[in-house]
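Chemist: What follows is the residue order along each chain.
There are 2 protein chains.
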Amino acid sequence: MFKVNDNYLKLPGSYLFSTIGKKVKAYEAAHPDKKVIRLGIGDVTQPLAPAIIEALHKAVDEMGKAETFHGYAPDLGYEFLRNAIAKNDYADRGCPIGPDEIFVSDGAKCDSGNIQEIFSTDNKIAVCDPVYPVYVDTNVMAGRTGVYDPSTETWSDVIYMPCTAENHFVPELPKETPDLIYLCFPNNPVGSAITKDQLQVWVDYANKVGAVIIYDAAYEAYISEENVPHSIYECQGARTCAIELRSFSKNAGFTGTRLGFTVVPKDLKSGDVSLHALWARRHGTKYNGAPYIVQRAGEAVYSPEGKEQLKKQVAYYMNNARVIKDGLKEAGYTVAGGVNAPYIWLKTPGRMTSWEFFDYLLENANVVGTPGSGFGPSGEGYFRLTAFGSYENTVAALERIRKL
Amino acid sequence: MFKVNDNYLKLPGSYLFSTIGKKVKAYEAAHPDKKVIRLGIGDVTQPLAPAIIEALHKAVDEMGKAETFHGYAPDLGYEFLRNAIAKNDYADRGCPIGPDEIFVSDGAKCDSGNIQEIFSTDNKIAVCDPVYPVYVDTNVMAGRTGVYDPSTETWSDVIYMPCTAENHFVPELPKETPDLIYLCFPNNPVGSAITKDQLQVWVDYANKVGAVIIYDAAYEAYISEENVPHSIYECQGARTCAIELRSFSKNAGFTGTRLGFTVVPKDLKSGDVSLHALWARRHGTKYNGAPYIVQRAGEAVYSPEGKEQLKKQVAYYMNNARVIKDGLKEAGYTVAGGVNAPYIWLKTPGRMTSWEFFDYLLENANVVGTPGSGFGPSGEGYFRLTAFGSYENTVAALERIRKL
Chain A
11 MFKVNDNYLK LPGSYLFSTI GKKVKAYEAA HPDKKVIRLG IGDVTQPLAP AIIEALHKAV
71 DEMGKAETFH GYAPDLGYEF LRNAIAKNDY ADRGCPIGPD EIFVSDGAKC DSGNIQEIFS
131 TDNKIAVCDP VYPVYVDTNV MAGRTGVYDP STETWSDVIY MPCTAENHFV PELPKETPDL
191 IYLCFPNNPV GSAITKDQLQ VWVDYANKVG AVIIYDAAYE AYISEENVPH SIYECQGART
251 CAIELRSFSK NAGFTGTRLG FTVVPKDLKS GDVSLHALWA RRHGTKYNGA PYIVQRAGEA
311 VYSPEGKEQL KKQVAYYMNN ARVIKDGLKE AGYTVAGGVN APYIWLKTPG RMTSWEFFDY
371 LLENANVVGT PGSGFGPSGE GYFRLTAFGS YENTVAALER IRKL
Chain B
11 MFKVNDNYLK LPGSYLFSTI GKKVKAYEAA HPDKKVIRLG IGDVTQPLAP AIIEALHKAV
71 DEMGKAETFH GYAPDLGYEF LRNAIAKNDY ADRGCPIGPD EIFVSDGAKC DSGNIQEIFS
131 TDNKIAVCDP VYPVYVDTNV MAGRTGVYDP STETWSDVIY MPCTAENHFV PELPKETPDL
191 IYLCFPNNPV GSAITKDQLQ VWVDYANKVG AVIIYDAAYE AYISEENVPH SIYECQGART
251 CAIELRSFSK NAGFTGTRLG FTVVPKDLKS GDVSLHALWA RRHGTKYNGA PYIVQRAGEA
311 VYSPEGKEQL KKQVAYYMNN ARVIKDGLKE AGYTVAGGVN APYIWLKTPG RMTSWEFFDY
371 LLENANVVGT PGSGFGPSGE GYFRLTAFGS YENTVAALER IRKL
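Sequence order for the protein chains is A and B.
Numbering-wise (the numbering used here), the first sequence opens with residue 11 and increments by one.
Numbering-wise (the numbering used here), the second sequence opens with residue 11 and increments by one.
Worth flagging that the hints you see were computed from the coordinates, not collected in a lab.
Hints are not guaranteed to be accurate.
[Unchecked claim] Label pairs and their computed distance ranges (CB to CB):
1. A/K276 with B/K20: 17 to 25 angstroms
2. A/G108 with B/G360: 29 to 37 angstroms
3. B/E176 with A/K32: 34 to 42 angstroms
4. B/E77 with A/K44: 18 to 26 angstroms
Glycine included, C-beta positions come from ideal geometry on N, C-alpha and C.
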């Protein structure tokens, strides 16, 4: 008789954004007259940039002719895309990353969920608290997290690194030594950034204790300050301790187009075993590449026109961030984030819990945000709003919130 | 100090098609004057059908306008696609499968690799021998296969079900009881088909012993005979024992466009635990959906124009299958497959091993095929050719082979 992976049964509740989706759907069904504004999930709303649309049409035409048709993609992704990434995201920033260290994928969510597979289930993970739920949930599924304590909403074998107002939402080095350290900067959900000097401390620490940093830089396009690194490979020594996850979802609006990549430097080893080789083996065995047309769309992100158009798109969202931050401040809220990231992290008013504030905002302002406690225990009493709505909706949402 | 998943280190050699790719690349580099014909990997060559190209262009235009832009897709995939699948692939064949039992993905390779995750690592798998390497390799990575014996090229904890000329390449029920049974029909690599009555025996067996059948039906569009089932759900009782994997790669030429789906019936349970719920949790946590434009392309596969155009595309490839089969027979080879599947399975001549014949064919005919032994020990002495080349290349390849 077959048995299931009972690690799955340990997972409390369902995936955060699925839960929110269901709650909002139920509210809308019960109140068809209300116009709900979604500033919850980090989903973009602006159309794909003209340079990307043009590249997609061109690639579609290629797929319609035998001479230019494309079947299975190369294992790591097309060279035209990996070369563009290596040049623009790495060489131009002084980071020594080669095109053959870049693995093109269908997005950073999948990669951030799958990357743990190449590590031992004995390894101990450290995560920021609050944190993007995928890091922890996928380690639960792998049996790496121990026992769940519902009273504290924590796992016995996970090292939590609180990100609070006291440390300006940048974690301190953990007291217990981890094997895998998940860092996400600019941070989701709290919207904080890390300086190059601060990140260098983490790289030095990881090299010293023999840990791997899984660095999620999905939001790097939103960095506005000079001393904030766009890649962990801007730090000395990162090639021997860091894997970097990148996404086209937020810098180019690809949430529904699906493209990302993971960098595994060839210097990253456990004894003789290269993590690059292990990830290549996983990629080649369990994955079959991002669509050709989408990889061509990704290439257009790096064209002069694409860059120009996307700079404006990012500025559009960051203007929303300003609207949210200023609006909340005027309404008396305590807020963080929104300077180098499209997320605003606010303290819930009074003694409201995160989920109480979620319901309060949905029912009274018809605005959807994300409860901070959904991201971890230190998120309790906080709430995330995203800058990814339209300008009009963002302004309208803040007007409603100010009237509460 | 971090440790790697040492199950990966047990994997012998690299992924079969990566190895072939490297060998061919090396040969071409050394012989730039030779025109190599690829009939190895099951990769299509015909362009996407006009109805699909039209749907792609339309969807791309939608992505370029704010009013019709699409961000994150629904967890299971868009309803328009799941409804089309449920109607055409299931309801129209009398199979009781609902749209909410269909999980849209980026392809059957990923799904066939990932599906094992929701099962216990204690479960014992049974596979056909020879077999598509992904089923075994992904179970090795999960630590489910025991110890590898290089002399027999088998794993201690895997139940092998030989598919040989004696049983017409359809396996018999295993003597040892498995928990998970991987079946692929029409079969890759041997090109055989299973009748409805034969498959019913497997469904009854699985229900009796409490096993789950993971049924890979990626090649169902190539079925030409009446008594061959297109879906395992044509058999009575399959809803309580079978998961079905489907792909758009072979019926619609999506190898470079990436779309597939997995069916997990809600009746499939281990005690109280629904496999549908577990797979939904995996899908929602580790995956972020197929691109909107690709899901629209998938919808076009089921349009009247799409169906008509793809019927011709399948017929084109099956004509190639006939050319290969007839050509090989005329040249004195013993061949199987090619009637309900785009694969031809030939016995290597004399005492040549599969890899010896691979090198012989590459060097003397400049034709690439796949060594049968790459698919498992019972594949030794066999060789796979695919019907997915162009007609011109297929005819040319057979002319070269006949001249050997």
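Chemist: Could you work out which of the previously given hints the structure breaks and list their numbers from low to high?
Modeler: 2, 3
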